[in-house]
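A.B. asks: Here are the chains, one letter per residue:
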Amino acid sequence: MSSYQRTWKTIESGPHTYEEALHPVVRKNYGKWKYHEIPKPGVLMHVAESGDAIWTVRAGTPRQDTVDMVRVLCDIADKYADGYLRFTVRNNVEFLTPNKEHVEPMIAELESLGFPVGGTGMCVSAVSHTQGWLHCDIPATDASGVVKSMMDSVYKEFKDMQMPNKVRLSTSCCSINCGGQADIAIVVKHTRPPRINHDHLAMVCELPKAVARCPVAAIRPTVVNGKRSLMVDEAKCICCGACFGACPAMEINHPEHSKFAVWVGGKNSNARTKPSTMSIVAHNLPNNPPRWPEVTEVIGKILTAYKAGGRPWERVGEWINRIGWKRFFEETGLTFDDNMIDSYRHARTTFNQSAHVRF
Amino acid sequence: MEGAKDAASQEVHHCGGCNAGGNGNGKFLNPTPMLDELENGPWPSFISGFKGLAERTRKPMLRGVMDQLEYSYNTKMGYWKGGLVTVDGYGAGIITRYSMIKDKFPEAAEFHTMRIQPAPGLHYNTAMLRELCDIWEKHGTGIITLHGQTGDIMLQGIEQDKVQQCFDELNQKGWDLGGAGAGMRTGVSCIGPGRCENACYDNLKLHLTALKHFVGVLHRPEWNYKLKFKFSGCPNDCTNAIMRSDLAVIGTWRDAIQVDRAEVKAWTEKNGMDALVNQVINLCPTRAISLKDGEMHIETKDCVRCMHCLNVMPKALSPGRDRGISLLMGGKNTLKVGVNMGSLVIPFMKMETDEDIEAFIEQIEEIIDWWEDAGLDHERIGETIERVGLKQFLDGVGLEADINLVSRPRDNPYFKAPY
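Just so you know, the sequences run in chain order W and B. Using this note's numbering, read the first sequence as starting at 1 and increasing by one per residue. Using this note's numbering, read the second sequence as starting at 1 and increasing by one per residue.
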């Protein structure tokens, strides 16, 4: 330990308070907003019942930031937004100002510093994503690198508002899918059962916990070289990697056998259709750092077809519901295969229980 | 790791001289040709950010982490393992990371993260953010994630023996650690009444009050598994609460949508009758909107508060005046029963007064008590409800059965009723 002598008594304060973090115009009109407009991509204008207006400029960030970058954002906020800023759940930064004349110079300065202004309305917004090789203890791939590669490829779509509706992206570095449900999601899919490190297993794992973690009851206790260990019924194993989180000796990650899958049609909003979960539309894509071109190519195909065929306000999943999965695969050039037929619990709810057929 | 060994034997790049540091050009960092590829392209590059920070501050941990990340990009494997680091009196909030290959990258031996709870709605003033940066740079690497998937500020890269002092200095400025493990987790709120005309309750206030109430079990986890709150101001659910939280608190209203007739007219004149029919009326999921004498008419009893028409015509339409929240429970991702969307357990609660907030928190305590009794180890509350039954859950927590809680009554006849 260091020589630090503690004198401070902890205050268990919970979340930081927010009132001092709200722009005075926001404080004054708190809960009394009337409507908003999107005058141009990356800019929102909110009008309050009092007649006050506040302009928001939104810009993309790498999410994986540094104190240097945060200080630059603070400089912008001090210069143009009276010292206030906030972030969106998709890692965009927002500056709120009551001075309309600050909007254009702020946009120019953000762009000159490399922060793309956009992320509003019918755009492809920034990616909700995980930690990956940089920090996670169970990742099969990196997250920030995949995201950087994806956002380079949809940079224009982030900055304009030409899609049928907003497109939410996410990535996840294992099948737990911390990135969440999204219009288009990139999720790791392992293709081989875990290899078991019998030398370490009993030392690093609670055996019953690892057994209980398996969703298909494929793990059983055994003895190897006189040591308590586990075995996997490889015929039953679905290569989900759940056991690895409970027991690091169940080595699921592999440079060649951990692949990518692409999922579409997730939606959290209640607008129009009820929220929906994603469906798999491509898998067995290689984990190919540093730019993962195979993944960005699939995303490009989906976005191109959706942009061309989606009607105003249709999210990706709603567009597919209208045109049908058959046409989705035709129009994106992706290939449906029998692994895409659900085989897990409640699988039949995804079967076509009707005579509705598309030819 | 067997896979790692396979890959290591084929590796092309090896950072043999990491400890010496530098590439001979007066640079602090070692060469990272794979990571450098991520400096190309128009989107802001986290690698450029890391490199700039490392060259300015010359912190060895940054160099070690860059070297290990470059190594991961070559071997396609990760090399962090967990452990247990915390601050006095807490059992959670520091995500511990030790390098599995510290012989190769001794500068990356430790790379712990401090989860910090931001203000609800992710609002900042620059003074508080600069203060946070200064304390963080003093003790840690200076890498910050804004924000993690559960809503924390993540300060990434600190050594175990610096954690307590860093925390104490942050705590003096009003910051507290976030959640981890089997307890209450950090909450997330949308911007709410801070800027949005659709906010149906003060989600920032409820977030702050609820998370302060549960702060003990956030710092000292003792439940079956994690429990996450998310607070969305309206059914657009910008925090993705339905899918990403055990307790999804979503603003809604009970009376009629407020219509500004003049603004509807102005919208129709600007966008045309085709747009009114194709983009508003036809997209209403319950066909609650029709044309009456050429004017848009909303049948309130058919409306399910989906938000679509309000999103299309924000100037003309607003949520009703009788506002409150719906509570949905059980949202979580795949492991292990498959993706679970949250489902409705309380159709409506007022959320205007301090008493409303108190009643809400009491109800949540009832729910948690039930889960502590009925749940199994490593079982999220939605999984417990699925295993035990929604009816049994409602009985257990004293909630009323309501037809809104199901999409339809049961379709199979196998059940036992107390006739």
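These aren't lab readings, by the way, just hints derived from the structure by calculation. Cβ atoms here follow ideal geometry from the backbone N, Cα and C, with glycine treated the same way. Accuracy of the hints is not assured; some may be wrong.
[What the hints assert, rightly or not] DSS-like, lysine-lysine: derived pairs with alpha carbons at most 30 angstroms apart:
1) 9(W) - 173(B)
2) 138(B) - 104(B)
3) 209(W) - 226(B)
4) 315(B) - 350(B)
5) 102(B) - 274(W)
6) 34(W) - 301(B)
7) 9(W) - 315(B)
8) 326(W) - 156(W)
9) 81(B) - 209(W)
[Said to hold, decoys possible] Covered stretches of chain W, going by a simulated chain B footprint (3 or more residues, C-beta under 8 angstroms):
10) 74-86
11) 222-232
12) 283-293
13) 337-348
A.B. asks: Hinted pair, alpha-carbon criterion (30 angstroms max): residue 81(B), residue 209(W). Please report holds or violated.
C.D. replies: holds, 18 angstroms
A.B. asks: Does residue 102(B) pair with residue 274(W) here, judged by a C-alpha cut-off of 30 angstroms?
C.D. replies: Violated - the C-alpha atoms of residue 274(W) and residue 102(B) are around 49 angstroms apart, more than 30 angstroms.
A.B. asks: With a cut-off of 8 angstroms between beta carbons, are at least three residues of the stretch 222-232 of chain W near chain B?
C.D. replies: violated (count 0)
A.B. asks: Does residue 138(B) pair with residue 104(B) here, judged by a C-alpha cut-off of 30 angstroms?
C.D. replies: holds, 26 angstroms
A.B. asks: Keeping to a limit of 30 angstroms between CA atoms, is the pair of residue 9(W) and residue 315(B) held or broken?
C.D. replies: Outside the cut-off at roughly 50 angstroms; violated.
A.B. asks: Mind checking the alpha carbons of residue 315(B) and residue 350(B) for me, to see if they're no more than 30 angstroms apart?
C.D. replies: holds, 25 angstroms
A.B. asks: Can you confirm whether the C-alpha distance between residue 34(W) and residue 301(B) stays at or below 30 angstroms?
C.D. replies: holds, 24 angstroms
A.B. asks: Regarding the pair residue 209(W) and residue 226(B), is the alpha-carbon distance no greater than 30 angstroms?
C.D. replies: holds, 16 angstroms
A.B. asks: Check the hint pairing residue 9(W) with residue 173(B) against an upper bound of 30 angstroms on the C-alpha distance.
C.D. replies: holds, 13 angstroms
A.B. asks: Closer than 8 angstroms Cβ to Cβ for three or more residues is the test here. Does the stretch 337-348 of chain W pass it with chain B?
C.D. replies: n = 3 at 8 angstroms, threshold three: holds.
A.B. asks: Within the assertion that chain B covers the stretch 283-293 of chain W, do at least three residues meet a Cβ-to-Cβ distance smaller than 8 angstroms?
C.D. replies: Coverage by chain B holds for the stretch 283-293 of chain W (4 residues, Cβ < 8 angstroms).
A.B. asks: Taking 8 angstroms as the Cβ threshold, is the statement that the stretch 74-86 of chain W is covered by chain B upheld or broken by the three-residue rule?
C.D. replies: holds (count 7)
Consistency with the previously given hints fails for numbers 5, 7 and 11, ordered from lowest to highest.
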